[in-house]
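Novice: Residue numbers (UniProt numbering): 1 to 396.
I should point out that these hints are in silico values taken from the structure, not numbers from a laboratory.
Virtual Cβ for every residue (Gly too), placed ideally from N, Cα, C.
Check the hints yourself; a few may be wrong.
Claimed, not checked - Only pairs whose alpha carbons sit at most 30 Å apart, straight line, appear in this in silico DSS-like list of lysine-lysine:
hint, residue 1, residue 2
1, Lys320, Lys347
2, Lys202, Lys33
3, Lys29, Lys347
4, Lys172, Lys245
5, Lys202, Lys245
6, Lys202, Lys189
7, Lys320, Lys189
8, Lys245, Lys277
9, Lys29, Lys311
10, Lys347, Lys33
As the list claims (entries may be wrong) - Have a look at the derived ranges for each label pair, beta carbon to beta carbon:
hint, residue 1, residue 2, range
11, Lys29, Lys277, 33 to 39 Å
12, Glu392, Ala218, 54 to 60 Å
13, Leu369, Gly145, 31 to 37 Å
14, Arg354, Lys172, 47 to 53 Å
15, Asn220, Lys172, 18 to 24 Å
16, Asp237, Glu264, 27 to 33 Å
17, Thr382, Pro359, 17 to 23 Å
18, Asn247, Met317, 18 to 24 Å
19, Val27, Pro241, 32 to 38 Å
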Amino acid sequence: MKEEKRYIELIIKSWAGTLTLAEKREVEKLLEKEEWAELKRELENDRVLMGRFKEYEKYDTAGDFLLFLERVRKNKKTTKKQRSMSRMFACAACFACLIMASWIFIHQELLPVDESIAKVSPMEPIDRNSIRLILDNDSMIALSGEAEAKKLDTLGVSFMTGIQTLDYTRVKRDTLVDSMTYHTLIVPKGCVFNIVLEDSTKVYLNAETVIKYPRFFAGNRREVYIEGEAYFEVSRDEERPFIVKGNNFFVEVLGTSFDVMNYENEHESRVTLLSGKVRMCTEDTVWQLTPGEQLSLSVANEINVRRVNTKNVISWMDRKFNFEGETLEMIMRKICRWYDVEVLFEKPSLRESRFTGTPPNNISLQELLDEFLNYTTDIEFTLHNGVISVKELKHI
1 MKEEKRYIEL IIKSWAGTLT LAEKREVEKL LEKEEWAELK RELENDRVLM
51 GRFKEYEKYD TAGDFLLFLE RVRKNKKTTK KQRSMSRMFA CAACFACLIM
101 ASWIFIHQEL LPVDESIAKV SPMEPIDRNS IRLILDNDSM IALSGEAEAK
151 KLDTLGVSFM TGIQTLDYTR VKRDTLVDSM TYHTLIVPKG CVFNIVLEDS
201 TKVYLNAETV IKYPRFFAGN RREVYIEGEA YFEVSRDEER PFIVKGNNFF
251 VEVLGTSFDV MNYENEHESR VTLLSGKVRM CTEDTVWQLT PGEQLSLSVA
301 NEINVRRVNT KNVISWMDRK FNFEGETLEM IMRKICRWYD VEVLFEKPSL
351 RESRFTGTPP NNISLQELLD EFLNYTTDIE FTLHNGVISV KELKHI
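Go ahead and model the full structure; you've got the sequences and the hints to work with.
Specialist: Printed below as a string of structure tokens:
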């Protein structure tokens with residue numbers, strides 16, 4: 001029972017986005033066992049129900065709650081193995097009930113707030129599908145129009161809504177109380193965004209990416225922190241190397257262009273060099289890349305370097321997916337990241353199927369499935385209620 005409670009706690013933390021790197025590895029190890037994978041699927045189903053409570057005024061919450069309880073009481077006749085799973089589901093129900101009850105109570109007590117700029121809080125009514133900027137005073141701005149542009153202009157930051165870009169080149173050192181105060185930009189699923197940093201370095205951000213950076217670079221190093229994927233065109237400054245920090249590595253450059261992929265739900269981080277030179281550094285390794293090389297760092301700190309087609313690596317900047325030689329599991333993570341959906345595999349073996357191609361990402365999800373994935377004679381993709389089901393096609 002202790003292990004079951006621990007696993008459910010980890011899954012709930014993953015929903016909240018608060019897992020540490022060690023906890024992520026713990027979840028991955030547990031998911032290798034089918035019984036834990038089955039529990040995760042059950043919890044994810046109940047997570048869909050909890051999502052509906054965000055709009056509780058549109059629903060009969062008491063009725064939905066009874067439906068939830070009914071689901072966890074199903075299948076009363078159980079085998080010994082099933083009884084073990086039932087115990088886990090009951091435990092899951094307790095956690096889910098507490099979360100839903102807390103959500104309803106807090107949201108009924110919320111007072112009106114200024115939606116354009118609000119303090120960072122897990123219960124803020126900020127649109128989580130919007131691009132958000134967290135300022136150095138912990139206030140948050142949803143970047144959506146001219147009103148936000150005027151607010152940022154007072155800080156010396158230009159928000160160009162037409163090309164979705166923040167430009168910090170007007171920020172002056174003497175306008176800052178503390179020159180090393182940081183901003184954090186959050187790019188949600190299905191969006192891309194650009195930043196021009198104070199030193200004129202250009203950063204192009206892919207979907208589901210978070211970047212933390214100073215308003216003004218001070219000292220002899222320029223450092224930013226990235227989770228997700230970004231393409232950098234670094235302004236050359238031999239006196240101040242540019243540092244990009246990830247979960248368990250950092251990249252050091254003087255002036256160059258490169259792509260960093262560092263998503264939490266990927267099994268490895270990647271650095272791809274397009275021009276110039278970079279050094280990829282971990283706790284015990286330093287590796288220098290040349291143009292056209294890609295370094296992959298696994299969660300076990302294993303390093304692999306290979307030559308790649310750099311045009312495919314940064315295809316996301318041209319509104320295209322890159323599926324070249326990738327497993328279906330990797331492809332589905334990209335699709336879920338862009339279209340904000342979930343995926344369910346009928347069989348674990350389907351995850352290792354391979355596809356190729358660079359389809360556009362500015363089409364509907366249904367078009368992508370119909371025109372680029374469902375052409376295979378072995379696998380069927382169906383979309384229902386925000387979930388892609390991947391099944392083995394049965395031939396008659």
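Novice: Evaluate each hint against the coordinates.
Specialist: Tested hints:
1. For the suggested pair Lys320 and Lys347, the alpha carbons sit about 28 Å apart, so the restraint of at most 30 Å is met.
2. Distance hint between Lys202 and Lys33 is unfulfilled; the C-alpha atoms sit about 44 Å from each other, more than 30 Å.
3. Of the pairs offered as hints, the one joining Lys29 and Lys347 holds, with about 18 Å between alpha carbons and a cut-off of 30 Å not exceeded.
4. Between the alpha carbons of Lys172 and Lys245 the distance comes to roughly 25 Å, so the proposed pair stays at or under 30 Å and holds.
5. Annotation: proposed proximity of Lys202 to Lys245 holds, straight-line Cα distance about 16 Å (limit 30 Å).
6. Of the supplied pair hints, the one linking Lys202 and Lys189 holds, its CA atoms being roughly 21 Å apart against a limit of 30 Å.
7. This hinted pair checks out: Lys320 and Lys189 have alpha carbons roughly 15 Å apart, not beyond 30 Å.
8. Taken as a hint, the Lys245 and Lys277 pair is honoured in the structure, with Cα atoms around 17 Å apart against an allowance of 30 Å.
9. Proximity of Lys29 to Lys311 is assessed by CA-CA distance (about 34 Å); at most 30 Å being required, the pair is judged violated.
10. Of the pairs offered as hints, the one joining Lys347 and Lys33 holds, with about 13 Å between alpha carbons and a cut-off of 30 Å not exceeded.
11. Distance hint check for Lys29 and Lys277: the Cβ-Cβ separation is about 37 Å, which falls inside the suggested range of 33 to 39 Å.
12. Distance hint for Glu392 and Ala218: a CB-CB separation of about 57 Å, consistent with the stated range 54 to 60 Å.
13. The hinted range of 31 to 37 Å is satisfied by Leu369 and Gly145, whose Cβ atoms lie roughly 33 Å apart.
14. Remark: the range hint 47 to 53 Å for Arg354 to Lys172 is upheld by a beta-carbon distance near 52 Å.
15. Checked against the given bound of 18 to 24 Å, the beta carbons of Asn220 and Lys172, roughly 20 Å apart, stay inside it.
16. At roughly 30 Å, the beta carbons of Asp237 and Glu264 sit within the given window of 27 to 33 Å.
17. Taken as a hint, the range 17 to 23 Å holds for the pair Thr382 and Pro359, whose Cβ atoms sit roughly 18 Å apart.
18. The hinted window of 18 to 24 Å between Asn247 and Met317 holds, with their beta carbons roughly 23 Å apart.
19. Evaluation of the 32 to 38 Å hint for Val27 and Pro241 yields a pass: the beta carbon distance comes to about 35 Å.
Checked against the numbered hints given earlier, the structure breaks hints 2 and 9 and satisfies all the rest.
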